[in-house]
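Chemist: Model the full structure from these sequences, guided by the hints.
Protein chains: 2
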Amino acid sequence: MKIETKKAFFDEPLYLESGRILQPFEVQYETYGELNTDKSNVIVITHALSGSHHCAGIYEGDRKAGWWDNLIGDHKAVDTTKYFVICMNNIGSCFGSTSPQSINPATNKPYRFKFPVLTISDIVKAQIRVLKSLDISNVEAIIGGSMGGMQALCYAIEYPTFAKHIIALATTAYTRPWAIAFNKVTIEAIRNDPDFKDGYYDPKDIEENGLNGLAIGRMAGHISYLSPSSMDDKFSRRYVHQDGLYELFGRFEVERYLEYNGYNFPKNFDPLSYLYIAKTMNIFNASRGSDTLAQSLYKIKSNLHLISFSGDMLFRSSEMEEIYNTMIEQNMTNVTYNEIQSDYGHDAFLVEVDKFKDQIVEILKG
Amino acid sequence: MKIETKKAFFDEPLYLESGRILQPFEVQYETYGELNTDKSNVIVITHALSGSHHCAGIYEGDRKAGWWDNLIGDHKAVDTTKYFVICMNNIGSCFGSTSPQSINPATNKPYRFKFPVLTISDIVKAQIRVLKSLDISNVEAIIGGSMGGMQALCYAIEYPTFAKHIIALATTAYTRPWAIAFNKVTIEAIRNDPDFKDGYYDPKDIEENGLNGLAIGRMAGHISYLSPSSMDDKFSRRYVHQDGLYELFGRFEVERYLEYNGYNFPKNFDPLSYLYIAKTMNIFNASRGSDTLAQSLYKIKSNLHLISFSGDMLFRSSEMEEIYNTMIEQNMTNVTYNEIQSDYGHDAFLVEVDKFKDQIVEILKG
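Protein sequence lines correspond, in order, to chains A and B.
First residue of the first sequence: 1, per my numbering; consecutive thereafter.
First residue of the second sequence: 1, per my numbering; consecutive thereafter.
It does not matter which identical chain is meant; a pair holds if it fits inside one copy or across any two.
Cut-off 16 Å, straight-line C-alpha distance, at most; resulting in silico cross-link-like pairs (EDC-like, lysine to aspartate or glutamate):
(1) 365 to 79
(2) 279 to 247
(3) 132 to 12
(4) 279 to 253
(5) 267 to 207
(6) 76 to 352
(7) 2 to 69
(8) 267 to 205
It should be emphasised that the hints constitute simulated quantities derived from the structure, not laboratory data.
Modeler: Structure (structure tokens):
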């Protein structure tokens with residue numbers, strides 16, 4: 001599989017939903033496979049909160065492959081011998097695209113909290129600019145889960161003829177208070193951490209030493225990605241060590257899991273980026289700009305495929321079912337809905353690929 | 001209703017499950033109604049994590065009544081014209097009973113982290129001492145929810161003939177990883193807060209200025225007490241103010257709720273107490289000391305009444321059903337189980353009293 005990692009620069013302004021302008025801006029992206037001559041074999045992958053453009057393949061020296069490597073690759077469900085797959089790092093994120101740590105041309109210093117509030121629409125708008133710069137004006141499919149699914153829905157509504165298929169997994173038309181509440185814990189934990197320095201931290205310090213506030217928020221995040229029963233299966237009441245009076249003094253495996261994933265996270269993820277991205281999810285509302293959700297969804301011309309996971313508590317099946325029902329009630333036939341039985345919680349869209357990859361193959365066959 | 005708030009002092013040692021000794025120790029408690037001459041009208045109420053001995057009635061000048069005032073009082077379900085009701089502040093808690101802020105006689109300074117690890121058994125053992133000091137050796141009922149339900153189960157197993165009825169609500173025989181994970185967020189948030197000073201904070205500072213770490217942990221706690229659907233009902237996606245570009249910049253009502261409940265909490269609750277009490281819940285395991293849960297439950301001689309709430313995600317109905325099924329499989333007839341339909345999440349045991357008060361009246365009638 002041919003992998004290329006590139007960066008697109010734009011001097012022209014990006015007009016944001018807030019009324020502000022991002023100029024210049026840049027987008028880091030990665031491509032897999034080869035673009036055919038008539039540019040008709042493009043699939044866009046949109047990534048989630050902590051994801052990046054690196055969704056498949058493995059970099060030299062790395063132990064871990066891209067985050068959706070089980071789905072994307074040569075002769076996999078998203079077959080890179082046939083398709084030219086592109087995944088772009090969302091603006092606001094910290095893997096090479098313009099973010100709060102980028103230089104604000106007005107001050108020649110990092111934006112930090114001067115960075116504009118972004119929305120999912122803004123993120124997609126920047127992606128469209130990248131695709132246009134590659135002379136791609138139509139794609140076979142856009143596939144994304146969680147916040148990536150929000151982007152997929154946004155493409156469907158705001159660029160109705162851009163994609164033949166939209167595949168949105170484990171997502172929602174508008175974020176509910178449960179998800180907003182988990183984000184709130186993280187936001188408060190970051191902002192109250194004195195090492196966050198009201199956003200004026202040195203990113204290198206965080207990379208080296210972490211940031212407890214973000215670590216704690218990430219622990220809460222990991223709870224939201226699982227569920228009571230998925231945690232039962234994964235950890236039960238097992239202790240890390242069973243010696244001495246471990247039943248009174250020992251550490252539970254679930255505690256070790258949260259510590260490990262929590263404290264390592266800030267070394268690879270920028271706290272300001274986290275705040276800005278969490279905000280895009282909180283304020284995502286597919287019906288914004290329309291009177292009703294129905295009106296928004298009525299714009300969709302692509303074939304929309306909704307895939308939910310029964311154990312997902314962050315974006316519940318009922319939320320995706322609402323999208324489906326709203327479209328069916330309007331006699332729209334360009335929508336399918338599949339609820340996959342899974343005990344993995346929200347993480348299912350990443351780990352239960354075997355349960356939906358055949359469906360993706362079928363959809364792409366057309 | 002006659003209310004008396006008292007404190008019991010004990011110079012004799014309390015032998016703890018850890019092997020350590022608490023000596024001296026004291027227990028703050030409150031009583032409602034009158035003890036009859038043969039002391040046969042006693043009902044014990046056990047409180048939850050953040051609760052106190054003040055479970056009913058209203059103090060002069062207070063706006064809020066005790067935490068189960070909708071259940072307990074003259075002519076209420078737990079009728080204080082008939083029963084002598086007693087609620088004791090758990091040892092380890094911060095409302096007057098011996099806690100990490102008490103003076104360690106070995107050093108003449110507050111225990112802080114030198115305070116021994118407590119278990120639910122230890123808490124109940126201290127309560128039994130109070131009751132014995134009042135010459136009460138049998139009670140009509142023990143009623144508690146959540147961590148109070150753990151205590152009720154502990155009475156049932158460890159003091160099999162002490163109570164005629166045990167009523168345990170919204171609780172579990174052993175804490176599952178989901179609940180342990182939420183506690184973990186709080187524990188890490190407290191410990192990492194520099195104002196916690198590794199436990200050497202001045203409690204007066206916390207009372208005045210709060211403690212962000214505990215506030216953040218409490219926010220996570222409040223998520224665990226609700227559920228996705230109860231949050232939908234309670235908050236939806238409402239904003240605090242709807243003006244200007246509120247959809248991008250506004251604060252959600254759920255955020256205000258978490259801020260309010262989070263940041264106010266540490267002014268009334270000691271962080272070290274929180275750590276010690278969360279630990280008692282994490283390590284609660286009704287089968288400890290037996291080979292199996294069945295063996296533990298087989299000891300129960302009281303009538304055990306289990307009440308769960310369908311929307312409770314912290315201690316799920318399935319957890320209480322397991323207790324019931326385990327007893328039924330052993331042909332025990334001294335157990336009932338009632339799952340109440342509720343969308344209130346774990347908080348239902350506090351707010352949905354109307355749905356179970358008749359059952360409590362029936363149980364107490366015998």
